[in-house]
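Numbering (the working numbering) for the sequence shown: 263 to 393.
Check before you lean on any hint, since a few could be wrong.
Computed cross-link-like contacts, EDC-like style, restricted to lysine to aspartate or glutamate with a CA-CA straight-line distance of at most 20 Å [as the list claims (entries may be wrong)]: (1) K283 <-> D298; (2) K299 <-> D343; (3) K327 <-> D343; (4) K327 <-> D303; (5) K277 <-> E287; (6) K276 <-> E306; (7) K299 <-> E332; (8) K330 <-> D343; (9) K276 <-> D336; (10) K334 <-> D273; (11) K283 <-> D273; (12) K299 <-> D273; (13) K299 <-> E287; (14) K314 <-> E324; (15) K283 <-> E306.
Cβ pair distances, simulated, as ranges [unchecked claim]: (16) P342 <-> E379: 46 to 54 Å; (17) G290 <-> K314: 21 to 29 Å; (18) K334 <-> S371: 29 to 37 Å.
Treat the hints as calculated values from the structure; they're not laboratory data. From the three backbone atoms N, C-alpha and C, an ideal C-beta is built for every residue, glycine too.
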Amino acid sequence: MCQYIHIPQMDRRKKLGRDIKLARENRGLTQQDLADKLSIDRSEVSNYENGKVRANLYAVVEIAKALKTEFKVDGYRVGPDQLVPVQPPPPPEQLCIEFDREHTLEGASLKIKPTREGIIISGIVDRIRPA
Numbered sequence: 263m264c265q266y267i268h269i270p271q272m273d274r275r276k277k278l279g280r281d282i283k284l285a286r287e288n289r290g291l292t293q294q295d296l297a298d299k300l301s302i303d304r305s306e307v308s309n310y311e312n313g314k315v316r317a318n319l320y321a322v323v324e325i326a327k328a329l330k331t332e333f334k335v336d337g338y339r340v341g342p343d344q345l346v347p348v349q350p351p352p353p354p355e356q357l358c359i360e361f362d363r364e365h366t367l368e369g370a371s372l373k374i375k376p377t378r379e380g381i382i383i384s385g386i387v388d389r390i391r392p393a
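With the sequences and hints as input, model every part of the structure.
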């Protein structure tokens with residue numbers, strides 16, 4: 263019997279928010295400092311960073327200018343003076359994994375064994391692809 267395992271992609275809004283926060287902190291700025299540079303309210307910066315509100319493309323460009331950095335958004339590298347498409351990631355692979363059997367994948371060997379406490383997954387990775 264096959265079971266399909268789906269691992270959802272990271273929420274893009276939250277990832278962009280984390281990237282904005284990291285860039286702001288690396289510049290030694292507070293949320294209020296960034297808000298002042300952008301002429302917006304501090305709560306709007308907080309909402310972007312916490313992923314509550316997704317910054318539109320114009321806002322991301324302005325944030326990139328204020329922080330002198332670039333962000334990856336929906337397959338584009340957005341910087342102070344650029345909007346460049348980046349290489350899209352390869353599509354996710356869907357695997358059919360059977361229990362209590364060894365599976366050989368490209369560059370790895372994987373074994374999944376059910377127990378009373380849960381599932382034991384063990385594997386050997388021959389090589390790791392760069393991100």
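Verification of the supplied hints:
| no. | hint | verdict |
| --- | --- | --- |
| 1 | K283 <-> D298 | holds (15 Å) |
| 2 | K299 <-> D343 | holds (17 Å) |
| 3 | K327 <-> D343 | holds (8 Å) |
| 4 | K327 <-> D303 | holds (17 Å) |
| 5 | K277 <-> E287 | holds (15 Å) |
| 6 | K276 <-> E306 | holds (14 Å) |
| 7 | K299 <-> E332 | holds (16 Å) |
| 8 | K330 <-> D343 | holds (10 Å) |
| 9 | K276 <-> D336 | holds (13 Å) |
| 10 | K334 <-> D273 | holds (13 Å) |
| 11 | K283 <-> D273 | holds (16 Å) |
| 12 | K299 <-> D273 | violated (27 Å) |
| 13 | K299 <-> E287 | holds (15 Å) |
| 14 | K314 <-> E324 | holds (19 Å) |
| 15 | K283 <-> E306 | holds (12 Å) |
| 16 | P342 <-> E379: 46 to 54 Å | holds (52 Å) |
| 17 | G290 <-> K314: 21 to 29 Å | holds (24 Å) |
| 18 | K334 <-> S371: 29 to 37 Å | holds (32 Å) |
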